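Enquirer: Note that the protein sequences, when read in sequence, are chains A and B. Just so you know, my numbering puts the end of the first sequence at 268, numbered straight through with nothing missing. Just so you know, my numbering puts the end of the second sequence at 544, numbered straight through with nothing missing.
Hint data in this document are derived by calculation from the structure and do not stem from the laboratory. Please note that the accuracy of each hint is not assured.
To be verified - Computed spacing ranges between beta-carbons, pair by pair:
no., chain 1, residue 1, chain 2, residue 2, range
1, B, Lys38, A, Asp239, 19 to 27 Å
2, B, Asn529, A, Asp239, 28 to 36 Å
3, B, Thr459, A, Ser43, 49 to 57 Å
Treat the numbers as computed from the prediction; the structure is a model and nothing was measured. Every residue, glycine too, gets a C-beta built ideally from N, C-alpha and C.
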Amino acid sequence: MKWVRRAALVVLVAVFGISLFVDVIAPQPYARQNREVAGEPPSADYPLGTDDLGRDRLSRLLYGARISLLLALAAAALSVSIAAGIGITAGAAGGRVERWLMQATDLFLSLPWLFLLLAVRALLPLNVSPHTSVAITFALLGCLGWAASARVMRAGVRALSDSAFALQARACGCSRTRLFLVHMLPNLRPVLLAQFWISLPVFVLAEANLGMLGLGVAEPLPSWGTLLRELENLPAVTDSPWLLAPAALLVLVVSCLQLSFCREGVST
Amino acid sequence: MKLTRRFLLAFVLLGADARAGQPASENALRFCLRAEPKTFHPALVTDEASETIRYLTGGVLIRLNRDTQQPEPELAVSWNVLDGGRRIRLRLRQGVRFSDGTPFTAADVAYTMRVLLDPKLNSPTGDSFRSGKGTATAAVEGSDTVTIVFPAPVAGLVRLFDQVAILSEKSPAKERAVLGPFYVAEHTPGAHILLKRNRHYWKTDDRGRRLPYLDAVRLEILPNEQLELLRFSRGDLHLINRIAPEHFERLSARSPHLVHDAGPSLENELLWFNQVSRTPIPDHRKAWFRSKNFRRAVSALIRRDDICRLVYRGHAIPAVGIFPPANRFWFNAKLRPHAYDYQGALRRLEENGFRLRDGVLRDAGGRPVEFSLITNAGNPSRERMAAMIQDDLAKAGVKVNIVTLDFPSLIERITRTFQYEACLLGFVNVDLDPNGQMNVWLSSAANHQWNPSQPAPETAWEAEIDRLMLEQAGAPDERRRKAAFDRVQEIVWEEAPFIYLVNKNSLSAAVPGLRGLRPVILRPQTYWNIEWLSLDTSLAGGPR
Numbered sequence: 001m002k003w004v005r006r007a008a009l010v011v012l013v014a015v016f017g018i019s020l021f022v023d024v025i026a027p028q029p030y031a032r033q034n035r036e037v038a039g040e041p042p043s044a045d046y047p048l049g050t051d052d053l054g055r056d057r058l059s060r061l062l063y064g065a066r067i068s069l070l071l072a073l074a075a076a077a078l079s080v081s082i083a084a085g086i087g088i089t090a091g092a093a094g095g096r097v098e099r100w101l102m103q104a105t106d107l108f109l110s111l112p113w114l115f116l117l118l119a120v121r122a123l124l125p126l127n128v129s130p131h132t133s134v135a136i137t138f139a140l141l142g143c144l145g146w147a148a149s150a151r152v153m154r155a156g157v158r159a160l161s162d163s164a165f166a167l168q169a170r171a172c173g174c175s176r177t178r179l180f181l182v183h184m185l186p187n188l189r190p191v192l193l194a195q196f197w198i199s200l201p202v203f204v205l206a207e208a209n210l211g212m213l214g215l216g217v218a219e220p221l222p223s224w225g226t227l228l229r230e231l232e233n234l235p236a237v238t239d240s241p242w243l244l245a246p247a248a249l250l251v252l253v254v255s256c257l258q259l260s261f262c263r264e265g266v267s268t
Numbered sequence: 001m002k003l004t005r006r007f008l009l010a011f012v013l014l015g016a017d018a019r020a021g022q023p024a025s026e027n028a029l030r031f032c033l034r035a036e037p038k039t040f041h042p043a044l045v046t047d048e049a050s051e052t053i054r055y056l057t058g059g060v061l062i063r064l065n066r067d068t069q070q071p072e073p074e075l076a077v078s079w080n081v082l083d084g085g086r087r088i089r090l091r092l093r094q095g096v097r098f099s100d101g102t103p104f105t106a107a108d109v110a111y112t113m114r115v116l117l118d119p120k121l122n123s124p125t126g127d128s129f130r131s132g133k134g135t136a137t138a139a140v141e142g143s144d145t146v147t148i149v150f151p152a153p154v155a156g157l158v159r160l161f162d163q164v165a166i167l168s169e170k171s172p173a174k175e176r177a178v179l180g181p182f183y184v185a186e187h188t189p190g191a192h193i194l195l196k197r198n199r200h201y202w203k204t205d206d207r208g209r210r211l212p213y214l215d216a217v218r219l220e221i222l223p224n225e226q227l228e229l230l231r232f233s234r235g236d237l238h239l240i241n242r243i244a245p246e247h248f249e250r251l252s253a254r255s256p257h258l259v260h261d262a263g264p265s266l267e268n269e270l271l272w273f274n275q276v277s278r279t280p281i282p283d284h285r286k287a288w289f290r291s292k293n294f295r296r297a298v299s300a301l302i303r304r305d306d307i308c309r310l311v312y313r314g315h316a317i318p319a320v321g322i323f324p325p326a327n328r329f330w331f332n333a334k335l336r337p338h339a340y341d342y343q344g345a346l347r348r349l350e351e352n353g354f355r356l357r358d359g360v361l362r363d364a365g366g367r368p369v370e371f372s373l374i375t376n377a378g379n380p381s382r383e384r385m386a387a388m389i390q391d392d393l394a395k396a397g398v399k400v401n402i403v404t405l406d407f408p409s410l411i412e413r414i415t416r417t418f419q420y421e422a423c424l425l426g427f428v429n430v431d432l433d434p435n436g437q438m439n440v441w442l443s444s445a446a447n448h449q450w451n452p453s454q455p456a457p458e459t460a461w462e463a464e465i466d467r468l469m470l471e472q473a474g475a476p477d478e479r480r481r482k483a484a485f486d487r488v489q490e491i492v493w494e495e496a497p498f499i500y501l502v503n504k505n506s507l508s509a510a511v512p513g514l515r516g517l518r519p520v521i522l523r524p525q526t527y528w529n530i531e532w533l534s535l536d537t538s539l540a541g542g543p544r
């Protein structure tokens with residue numbers, strides 16, 4: 001199965017590479033409205049056709065990949081950092097602190113995150129640029145998505161605290177800080193990595209969900225979520241199968257992420 | 001031979017029995033409601049689904065013909081409006097019975113008016129009859145005449161009776177006894193409502209056959225437009241009362257005989273700037289939004305033709321103002337839509353000290369012109385329109401930040417907190433008469449959206465609109481009313497508190513076997529003449 005993972009990795013590197021250099025690769029600016037050629041099928045000028053406002057679908061897909069992937073990475077990093085902070089503190093401190101933190105985590109887990117996200121988003125200032133708006137959306141996703149990972153982190157710390165090597169280190173007079181930084185943190189790395197790679201597709205899909213509800217990335221910025229909205233029009237999809245390109249790319253990237261990293265993280 | 005004849009006769013009789021034994025749904029028209037009706041009480045209707053039930057089951061004294069846009073006699077055979085709209089005397093049709101067989105009398109009309117105007121009931125239909133301090137009274141003058149007296153003249157009184165479904169005073173079934181072509185026979189919440197033919201319905205056709213032709217109407221409760229289209233395509237539904245332009249085009253390409261475009265409707269899309277003085281937005285922006293030149297310049301920068309062509313696939317027209325040409329009597333024919341005029345827009349902006357430099361429009365204080373435009377999430381047409389406006393204004397150096405909000409959050413902002421700068425929404429006119437819009441145009445009104453609930457008009461032109469709206473509401477003469485309202489339309493066109501964008505066409509789809517179908521622009525667009533509709537079951541299947 002190694003070759004499957006390698007192939008998945010190659011695909012991911014290619015997609016990430018394209019999304020990083022999209023300014024050079026994209027045939028058109030993502031926001032340019034060529035209204036005279038709106039709704040055109042694929043052609044030499046527009047390989048994936050144009051959308052209802054005459055914007056080049058391929059360019060929007062490539063820019064959308066950059067926004068969705070890079071910001072999902074950032075959101076995953078933020079979420080795992082918060083989860084690590086809370087989970088490790090809870091696991092290391094034990095007692096009341098652990099109980100309070102875990103109760104807070106459980107409370108967070110029980111909240112309907114979509115409605116929470118909608119409520120928080122509705123309170124945000126309106127007059128922000130699309131780029132700031134998209135950064136805020138993903139920051140919110142990151143801030144709201146830590147709870148499940150925090151529980152896993154705390155369980156990891158508890159397991160390590162009770163392990164023989166930690167007991168031996170404490171018996172040798174190792175300080176708590178040294179014990180944590182030198183002995184425990186390197187052993188927590190696989191758990192952290194696994195949580196990071198698991199949450200990445202979750203955030204990509206969360207943004208896609210928000211986009212489907214029309215609450216994702218603001219116009220004129222494209223994202224996979226906003227591009228997937230066209231799939232709502234089922235008859236249009238059957239007549240114009242190229243509309244499936246964003247969905248196909250999303251499935252490909254999420255699958256490749258799972259194949260490449262999740263096993264890696266868990267098995268390390 | 002005799003045996004054969006007997007056999008044939010028995011066969012024919014059996015066949016006839018078999019047909020009689022078939023369920024009523026064989027001749028039932030099937031279409032969708034997008035939501036569960038909130039009430040079956042005709043006086044308490046506020047939502048579209050309940051309005052549909054009231055239209056199909058309620059008997060009214062006077063019906064507004066959706067095709068001619070003129071009032072026509074129904075349960076009232078004639079009427080006289082007296083004292084400049086303070087009194088109306090109605091002569092009633094005789095020999096009419098409710099769906100449960102209870103006779104219809106003048107006392108029922110008086111009872112209905114008492115129920116409607118009962119302050120404890122808070123009937124929205126009754127509210128439109130309230131004209132001043134005091135209560136209206138209905139006096140029965142013999143078996144076929146009733147006179148209703150209002151405390152003050154009610155403008156457009158006759159048309160208001162289109163919404164008044166007559167209730168029975170004596171029927172034990174109360175509001176379930178109806179005078180319309182159908183009655184509610186079955187309701188499965190969340191699934192369907194079955195309306196069955198009212199066999200006591202009073203209307204007959206030229207040949208004396210009692211109407212309606214249909215045995216039943218089955219209303220499926222289906223919020224999803226895609227599913228509605230799918231079920232129509234499978235032949236499960238006979239009718240789509242309102243269809244989105246993209247679905248219309250797709251269906252039209254395959255089966256042009258199924259779709260109907262009745263032309264521009266009364267529904268329009270518009271945007272407005274927040275001009276509320278206490279709004280928590282910077283003063284310089286408030287000054288932009290309160291400037292007529294700024295609003296007119298924004299209006300002149302929007303390419304309405306492109307919106308019609310791309311967002312509505314050509315099934316819309318650039319909007320002129322309050323009423324579209326489709327409102328034949330009240331539309332001010334002198335007005336034209338604000339035209340796209342880039343240079344003109346820049347001239348207007350320069351008059352107010354704005355300057356376009358390096359692709360950025362700056363005000364007199366050197367601040368770049370930028371504002372947020374909110375609209376409701378989940379409406380792709382509106383989101384596309386917002387993106388087009390953003391692009392159009394960007395060409396003049398104006399930066400627009402589009403924000404889509406869930407509907408409750410949007411309503412909260414535009415009605416309570418006023419934390420917004422510009423808003424893009426639709427406006428559905430259900431009333432042809434301008435009196436139906438008093439709550440929009442009076443500066444003191446809560447729905448005076450750009451600056452609601454003003455203690456006194458803040459601008460001279462709003463004071464003038466107030467005066468004219470009150471004048472037309474109190475004038476008994478239709479020509480005087482029209483002249484006053486024409487002037488209101490001119491002021492609104494000139495000042496552009498609402499920037500009208502497009503009027504959408506009334507689009508529908510129906511199976512070819514639906515006879516008598518005459519789609520119109522007024523609600524309910526396709527089944528307004530429900531009693532005359534019939535189904536040719538051999539042709540009633542949809543496209544498969």
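Enquirer: Hint by hint, say whether it matches the structure.
Expert: Going down the list of hints, with the structure as the test:
no. : hint                              : result
1   : Lys38(B) / Asp239(A): 19 to 27 Å  : 38 Å, violated
2   : Asn529(B) / Asp239(A): 28 to 36 Å : 34 Å, holds
3   : Thr459(B) / Ser43(A): 49 to 57 Å  : 52 Å, holds
Hint 1 from the earlier list is the only one contradicted by this structure; the remaining hints agree with it.
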